[in-house]
Every structure is written in C-alpha cells, then in structure tokens.
Amino acid sequence: MAILNPGMPSIKWALHVLVVFVHTCNGFYLPGSYMHTYAKGQEITTKVNSLTSIETELPFSYYSLPYCKPPEGIKKSAENLGELLMGDEIENSAYRFNMNVNETRYLCTTDPLTEHDVKLLKQRTRDLYQVNMILDNLPAMRYAYQNGVKIQWTGFPVGYTSPNSKEDYIINHLKFRVMIHEYEGSGVQIIGTGEEGMGVISEADKKKASGFEIVGFEVYPCSIKYDPEAMKKKAMYEIIKPVNCPAELEKAQIIRPQEKVSFTYEVEFVKSDTRWPSRWDAYLKMEGARVHWFSILNSLMVIFFLAGIVFVIFLRTVRRDLTRYEELDKESQAQMNEELSGWKLVVGDVFREPDSPKLLCVMVGDGVQITGMAVVTIIFAAFGFMSPASRGMLLTGMIILYLFLGIIAGYVAVRMWRTIKGTSEGWRSVSWFVACFFPGIVFVILTILNFILWGSKSTGALPISLYFILISLWFCISVPLTLLGGFLGTRAEPISYPVRTNQIPREIPARKYPSWLLVLGAGTLPFGTLFIELFFILSSIWLGRFYYVFGFLFIVLMLLVIVCAEVSVVLTYMHLCVEDWRWWWKAFFASGSVSFYVFLYSINYLVFDLQSLSGPVSAILYLGYSLIMATAIMLSTGTIGFLMSFYFVHYLFSSVKID
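Just so we're aligned: the sequence shown equals residues -27 to -1, 1 to 632 in mature numbering (1 follows the signal peptide of the UniProt record, and there is no 0).
Honestly, the hints are just simulated from the structure, not real lab data.
Model, not experiment: these values are computed from the prediction.
Backbone N, C-alpha and C define an ideal beta-carbon position, used for all residues, glycine too.
Possibly wrong hints are sitting among the right ones.
[To be verified] Restraint-style ranges between C-beta atoms, simulated for each label pair:
1) K92 - D200: 17 to 27 Å
2) A203 - N137: 23 to 33 Å
3) V348 - K233: 49 to 59 Å
[To be verified] Dumping the calculated EDC-like pairs for lysine to aspartate or glutamate here, alpha-carbon to alpha-carbon at most 20 Å:
4) K205 - D84
5) K198 - D109
6) K48 - E16
7) K139 - D90
8) K207 - E155
9) K233 - E211
10) K244 - E64
11) K123 - E191
12) K13 - D109
13) K224 - E191
14) K48 - E64
15) K13 - E186
16) K13 - E241
17) K92 - E28
18) K42 - E64
19) K95 - E232
20) K42 - D100
21) K198 - E155
22) K207 - E45
23) K205 - E232
24) K244 - E155
25) K244 - D109
26) K95 - D84
27) K430 - D90
28) K244 - E186
29) K49 - E28
30) K95 - E186
31) K206 - E232
32) K394 - E326
33) K148 - E211
34) K430 - E155
Using the sequences plus the hints, can you model the full thing?
The structure is reproduced here in structure tokens:
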C-alpha cells in the first residue's frame, strides 16, 4: 500500500525547477568582470592608470607626461570609492587594436620637448615610474630577467638610464602580445563584479556569443630613435613597417630639450588554451609559493601547539584551584585566604570601576566594529567576491561594512557603559565618541598626508569632493546607526556582577617589577601568528604585488583571535593572583600591545625591505598609513582580549561561594 505524503508534489515541483535551471545554466563565475567576446577585426581600446613607483609611492597622472592623446580627447573612467582612495586615475589611451589582426602602427610625434618636459621625464625615469596599461580589465604584464631569474612585473617603465653615459632614454615603442581564446557560446551565464559593475551574459544563440576572449596581455617596451620630420608626415594609426628594438644606445631616443619624440606600437595576437575564468592565474601566482605556504603552515602549527598547551595547563590550574576552594568549610577558607593570598582576596574589588571608563567603552565599541569588518571582508574575499580584477572593491567593501557595523559598536559600547556605571545616563555621549573616535584619528592622519600629496601634485591626493562624500557617509550613515545601536544598548539588560564591590578599595601589594613590562611582553605571542602574513601584505601594498591568499589569511585571523583571547586571560589571572584588581586596561593592552610590534615591524620593513623608497615625503606617507594600520590592530586585538577576560573574570567569581 502506498503512503500518501502531502509534501511530495512540492518536492517534485522543486526538483523539476532545479533540473530546468541546471539545464539552462551551465555555469557561474563570480570573481572579476563579466566576459567580453570580440569578433575578428573588432576595435579594442586600452586604458591607462596612474603612473606608480616603488621609489616614491606617489602616483601621478599618465598625461602629466608628454604622451600621445586619443583623438576623441581624454575621458576618465567611472571609479568606485576604493579606486579614488587608492589614487587610481583610469583614463582612455591612444593605443587601440583590431581583434586578431597583427599590425604595426604609428601613433604621434610630440612637439619639441621643453625644459619642464625634460625635467619631468628625467625625474620620473630615475624614480622608476611605471606606466600601467589595461586591456579588457587585464593589466599589462612585463617579463624581465635578473641574475638569470625570470621576474614578472605589471606595467612598463617610463624610460631607463644608461649606466655608462648617465643619459636618460624614453620608452617610445611598445610591442604588445595579446593572448586570445576562441570562444563558442553555449548558453552559459556569467555573473561578475568588475569595474563596470554587476553584469549578466545569457546568450542562447551560439553564433551571437562566439568570438574571441582576451586571456592575457603582455608588453615588451623599447626605445627607438626615429626621424621626427619623416614620421610627422604620417597620419595617426597609419600602418608602418615592423621595427626591431635596437641594442645600441646611439639608436635609442634620448631625453633632452628640443627633441621630438615619435611613438609607435605593434600588436601580435597569440591563440591560447587558457580559458577566461583562469586568465588571472598568471597575475596571482606568487614567487616562492612553496616557501610561502610552508612558512605560514609551520607558524600556524607552532603557535596553535603553544596556545593549546597554555590553554590546557591554565584550565587545569584554575579548575583545581576552584575545586580546592569550594570543598573547604568557612573556617578552612578563611585560613586558606590568610595563607595563600591569591585572586580570592580581591573578590570585593575585582569589578570596581576602572580608570577612564568612557574611553574604555569607546575603544571596545570601535574594536568590535573593526573586527567585524575584517572578518566579513576576508570571508567575502576568500570566496572570490573581491578579486583583484575588481579594482577598489576590497577597500570599498571595507568602508561600507564599517559604516553599517556602527550599530553593533554603539550597542556593545553602551551596554558595557551601563554594566560599569549601573545607569544609562551619558549613553549619547558614549555613542558619539564611538562614532567619532577611530574615524576621527583616521581623518586627522589622512588630512595631514593629503596636504603633503597636494603639495606634490600627486593623483593620490583626495579631491575636495571626495572629502565631502566621506564626511557625508560618516555623518549620514555611521553616526545615526551608532546612535541607534547605543539606544538599543540602553534597552538591553546590563551584565550583573556576581559579587558586590566594597566601598573602600583594597591596597595593592608592591611589586618587584612594573606590570606594564608584562603587558608589553604579552604582545609577542600574537605577533608571532601574523608577522609572516604581514610581510606579504606589506609587499602587496608597497611593492605593487598581488595578494590573493585570503583563505590562509582567514586561518591566521582566527588563530590570532584565539591567541589574543588566551594571552589576555592568562595575564589577567596572573594579575589577580598577586592581588592586583586593576585588570581592565591591562586585559585590553595585553593583546592590544601586538600593535606596538606591528608598528616596529613596519619601520623594520621600511629600513630593510623598502630601501629604494626615496625622500622624506614617501617615508612620512608610509609611516602615516602604518600608524592607521597599527591603531586599527590595537583596537581590534585589545577588544578581543578584553571581552574574553571580562567573561572569564565574571565566570571565575560567579563559581565561588561568597557570603
């Protein structure tokens, strides 16, 4: 006999829909921009980003140098918030190709170089500035050999300096190699989050979708001395004979006043087996990958092993202490108190109000906001939603997350304020401080750095309009949400203390060494979990390398959270054992002191790994951004340690029978 199930029709209907969906949609692709297919002979345009240098870290506009301008005029591409903050200035360029057509073309001849042009070109050449060109959202890649090792770079130099004659030569001929993959449409849907926003391609017509997709973009630059008078007679984009890059310096285009520079380029299309979803693999491939993985894995295993030992020993010690204390009768407990004089003696002072309670609540609230932003951002990046193909998306996502997490920051800060004070009075002030504390620090540092960038006429300087946008986002989204979170915090039940606080504070015994030494030293263990990853992150920011190992970064972050919590709890317990009941701030800075070592490591990286960084302006920019990073790490790690210590102390003293 068949048993009728009323849910069967709905299940069959759902399975039917699923089968139809799978049949019509063969695949999805999330990272990067959506795919473009080009027909043979179709015109392809290139774009240029800001000129960048690892020598100065000051980006400048491509057209600040005497390069050929496109006939339709210079047009800026729409940029997101992250691109603007990073100093990107993406514009159209004069270089354009016809799909799958190999050709050599003349571009333009400049007017005679002025003294200003020569000075600027020489300065940009000697500061190792790179031209960053983009084709179909792929940056131009250049290969060079150094000491027999093949090195991969993005972009090509403005020029080069002869080691013998000390003369400077401009790069005026570019050989492009475009890797293409022949694509035939098959009803595939592709979803992307690229520079042009979300896009969906759904082509049922195979002929309409077929064509060529760009899967690689390489450039080989050289300098060639042309006859300017003969070249100037040619029209822009006129086909010319293929040229060979000369090896002799006499045949290269020197940079000097009254010189007329002719620009040419050639393009070669090469068919490739690389598919479009895999085209970024060449950029994201890190040199010395095995060493990278092994170092991180080794660090994770060692730190996890040490943290596990500390945690197990600590749990056994506290549990034995509690068991012994609770098994004694009242007279024995009094005798034990006189003999042992440990954390049990500060029972009447352990929850006494700390110094500067408002500042502590504000820093904890901001720390929760920064930690939440970091965790969610790394998770999204690990799943490919913030690919390097989507320029500026990582920074844009971080800012948006930070703004909306203000509601949690306000809630945590005000609830902690109510717990400490026992009243909701002053919650508006706490909420306002939470909304303005960390953003205010960042705003002051960025304003100082921005004046420096304005003085250097760099594209990295934030325009006034962007300042107004950031301030509007701050006060129209972050501040109201933080105040709303604070209001919700006043409605939540405050955390009740398990013991009463005495009216007269207990005297703290004198110690042989200051407690801040122990607090400062506690930051070394959390620093040990992240310093290897910190090196790769700094290299990504300051040396122009791609960083895309967010899976490992997430593991490091989780391990950092565990170690910060354990270190802070252990240090809090040690202070309570010596009858020091002022544990609040010490618990915060026990794990927060890792930021001190991060900032010291940043200085070490500046001195030993960024030796090419030249000038005080570049050093000030580096130290300013490093200070912002260290402050964020201090608030985040300090909050993790403090909250864990608070709940540990609450649990510890709620487990003891107190008369």
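Quick rundown of the hints versus the structure:
no.: 1; hint: K92 - D200: 17 to 27 Å; verdict: holds (25 Å)
no.: 2; hint: A203 - N137: 23 to 33 Å; verdict: holds (29 Å)
no.: 3; hint: V348 - K233: 49 to 59 Å; verdict: holds (57 Å)
no.: 4; hint: K205 - D84; verdict: holds (10 Å)
no.: 5; hint: K198 - D109; verdict: violated (31 Å)
no.: 6; hint: K48 - E16; verdict: holds (18 Å)
no.: 7; hint: K139 - D90; verdict: holds (18 Å)
no.: 8; hint: K207 - E155; verdict: violated (34 Å)
no.: 9; hint: K233 - E211; verdict: holds (18 Å)
no.: 10; hint: K244 - E64; verdict: violated (28 Å)
no.: 11; hint: K123 - E191; verdict: holds (14 Å)
no.: 12; hint: K13 - D109; verdict: holds (16 Å)
no.: 13; hint: K224 - E191; verdict: violated (24 Å)
no.: 14; hint: K48 - E64; verdict: holds (6 Å)
no.: 15; hint: K13 - E186; verdict: holds (11 Å)
no.: 16; hint: K13 - E241; verdict: holds (14 Å)
no.: 17; hint: K92 - E28; verdict: holds (17 Å)
no.: 18; hint: K42 - E64; verdict: holds (10 Å)
no.: 19; hint: K95 - E232; verdict: holds (13 Å)
no.: 20; hint: K42 - D100; verdict: violated (23 Å)
no.: 21; hint: K198 - E155; verdict: violated (37 Å)
no.: 22; hint: K207 - E45; verdict: holds (19 Å)
no.: 23; hint: K205 - E232; verdict: holds (13 Å)
no.: 24; hint: K244 - E155; verdict: holds (8 Å)
no.: 25; hint: K244 - D109; verdict: holds (16 Å)
no.: 26; hint: K95 - D84; verdict: holds (17 Å)
no.: 27; hint: K430 - D90; verdict: holds (15 Å)
no.: 28; hint: K244 - E186; verdict: holds (10 Å)
no.: 29; hint: K49 - E28; verdict: violated (26 Å)
no.: 30; hint: K95 - E186; verdict: violated (38 Å)
no.: 31; hint: K206 - E232; verdict: holds (17 Å)
no.: 32; hint: K394 - E326; verdict: holds (8 Å)
no.: 33; hint: K148 - E211; verdict: holds (16 Å)
no.: 34; hint: K430 - E155; verdict: violated (44 Å)
Comparing the model with each earlier hint shows violations of hints 5, 8, 10, 13, 20, 21, 29, 30, 34; every other hint is respected.
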